[in-house]
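Protein sequences, first through last, are from chains A and B.
Residue numbering for the first sequence follows my numbering, beginning at 1114 and increasing consecutively.
Residue numbering for the second sequence follows my numbering, beginning at 305 and increasing consecutively.
By construction, these hints were calculated from the structure, which means they are not laboratory data.
Among the clues, some could well be false.
As the list claims (entries may be wrong) - Distance condition first, Cα-Cα at most 25 Å in a straight line; then the derived BS3-like pairs of lysine-lysine:
{"id": "1", "chain 1": "B", "residue 1": "LYS348", "chain 2": "B", "residue 2": "LYS477"}
{"id": "2", "chain 1": "B", "residue 1": "LYS348", "chain 2": "A", "residue 2": "LYS1283"}
{"id": "3", "chain 1": "A", "residue 1": "LYS1231", "chain 2": "A", "residue 2": "LYS1157"}
{"id": "4", "chain 1": "B", "residue 1": "LYS477", "chain 2": "B", "residue 2": "LYS555"}
{"id": "5", "chain 1": "B", "residue 1": "LYS450", "chain 2": "A", "residue 2": "LYS1283"}
{"id": "6", "chain 1": "B", "residue 1": "LYS450", "chain 2": "B", "residue 2": "LYS394"}
{"id": "7", "chain 1": "B", "residue 1": "LYS555", "chain 2": "B", "residue 2": "LYS488"}
{"id": "8", "chain 1": "A", "residue 1": "LYS1283", "chain 2": "B", "residue 2": "LYS453"}
{"id": "9", "chain 1": "B", "residue 1": "LYS394", "chain 2": "B", "residue 2": "LYS453"}
Given next are the chains, with one letter for each unit.
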Amino acid sequence: MTIRLTLIAMAVGLVAVARAGHPAPEPPGFWTGPVNDPVPSTIKGGTVIHTRALAILIKDQNQPAVIVDVSNAPRRPENLPATSTWLPVPHHAIPGAIWIPGAGLGAPPPALDEYFRKRLAAATGNDLSRRVVLYCHERCWLSWNGAKRAIQYGYRNVYWFPDGIEGWRKARQPTAVIEPEATP
Amino acid sequence: MGLNRSSLLKVLAWPIVGGLVLLATLPTAFADEEYDQDRAARWKQLQESLFPHRQVLDSGGIVSIDAPPRALDAALVPIELHISGSKPVKGVYLVIDDNPAPMAGHFVFGPKADPRELKLRVRVNAYTNIHAVVETQDGQLHAATKFVKAAGGCSAPAGSDDAAALADMGRMKLRLLGEFTADKPMQAQLMIRHPNFNGMQMNQITRFYTPPRFIRSIDATYDGAQVFHLDADISLSTDPVITFGFVPHAKGQMKVVAQDSSNAVFDHSFDVPGGTPGAAPAG
């Protein structure tokens, strides 16, 4: 009787989880679907980290982390009329982060992939054991893809921060306004 | 005096409960406050750069905005501007605060316009305030605000097939809404086929950014008299649809001229009210 009730309760629980649509299962490769969609709660080969732990991790001077923001950046159309106002909003980031737009695309152009690989190598001093943190926004696949890519490059201490800049700011952590790198 | 022990406890307990509730909500409240500060600072920055040395007054009942609080599609956010008509107006600016090119459009009304209702569809890149700033004939600026939740509209693909979109470019339709009566205002819906590529969309097959190409201006005239002039930018949605009011003095012709960023000019004339509403262009 108790077992039956437990089973029923479990079944109800499973249905509830499925209904909520959270979390998404890990895709076998990079995610090429809508960028702003429910994300998984795991990343194979890497570590999921949340705000409080990240705030501690990045203060660790003995093992300085490389923080990479892979949010999209606005691209100024070259034929925008001179009379148009081009004024992107200030981009708040985790202090010390480098911003590589496109590094988390499901299928980036090869030149961009190569840029990301080299940029990570430079930032980590060619040390595959360095901590690398990938993030963008909450409920955003770009950082998951970016982290997966870093893992594929061979980095062994990759952290994926799914809370994004929204979670970071909600926890009243400090930010810095940064500019995107000029990716190909 | 008449206060017994249990009611004293209740009186003391409520502020504690209230305090706990307040504490529980504090982190979010602080974050919201921070975003509110960001938005206020952004609007201040935009006022200074878009309307230098001018004072932007509150709406004063002159203008209001209707938009869905949460847009289903960030690349197609429907916006309605309502202008009271209590003061004669020169034009209206539509500002999408957090878009990288925030000035989405500037309408200047001509003598044949009925400016009271305008509808259009825009791209929205972030949770953002939208401002409609009306310029009255006496040179005052009045702004209405609306907060819209949508994200990613600027990099959303314009359509499934870039080549097909370009081949079809410039086709227009004009649909008359309501009955024609001479000298009475009526609404018309203008549809222009144009991908309005903003340069941020990636072609899913070639994996390169589609070069920007977008409508820069639209002029509508009725029998030679101006209805409106629109200066547009990359925030207009793919296949722009603009609903506007005009005052026909008699049967006549609505001429629409659109120019894009590659200096292509598309022009069509539509009979009003002759022919079937929404029929193929006569021009």
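Hints, one by one, checked against the model:
1. This hinted pair does not check out: LYS348 of chain B and LYS477 of chain B have alpha carbons roughly 39 Å apart, beyond 25 Å.
2. At most 25 Å may separate the alpha-carbon atoms for a hinted pair to count; LYS348 of chain B and LYS1283 of chain A meet this at roughly 24 Å.
3. For the suggested pair LYS1231 of chain A and LYS1157 of chain A, the alpha carbons sit about 23 Å apart, so the restraint of at most 25 Å is met.
4. Straight-line distance between C-alpha atoms of LYS477 of chain B and LYS555 of chain B comes to about 18 Å, which keeps the hinted pair within the 25 Å bound.
5. Pair hint LYS450 of chain B plus LYS1283 of chain A holds up; C-alpha atoms about 23 Å apart against a cutoff of 25 Å.
6. In summary, the hint linking LYS450 of chain B to LYS394 of chain B is supported, as the alpha carbons are separated by about 22 Å, within the 25 Å threshold.
7. Distance check on the hinted pair: LYS555 of chain B and LYS488 of chain B sit about 12 Å apart at the alpha-carbon level, within 25 Å; holds.
8. As the CA atoms of LYS1283 of chain A and LYS453 of chain B are separated by approximately 18 Å, the hinted pair is consistent with the 25 Å bound.
9. Taking the CA atoms of LYS394 of chain B and LYS453 of chain B, the gap is about 30 Å. The hint is violated against a cut of 25 Å.
Of the numbered hints given earlier, the model fails hints 1, 9; all others are met.
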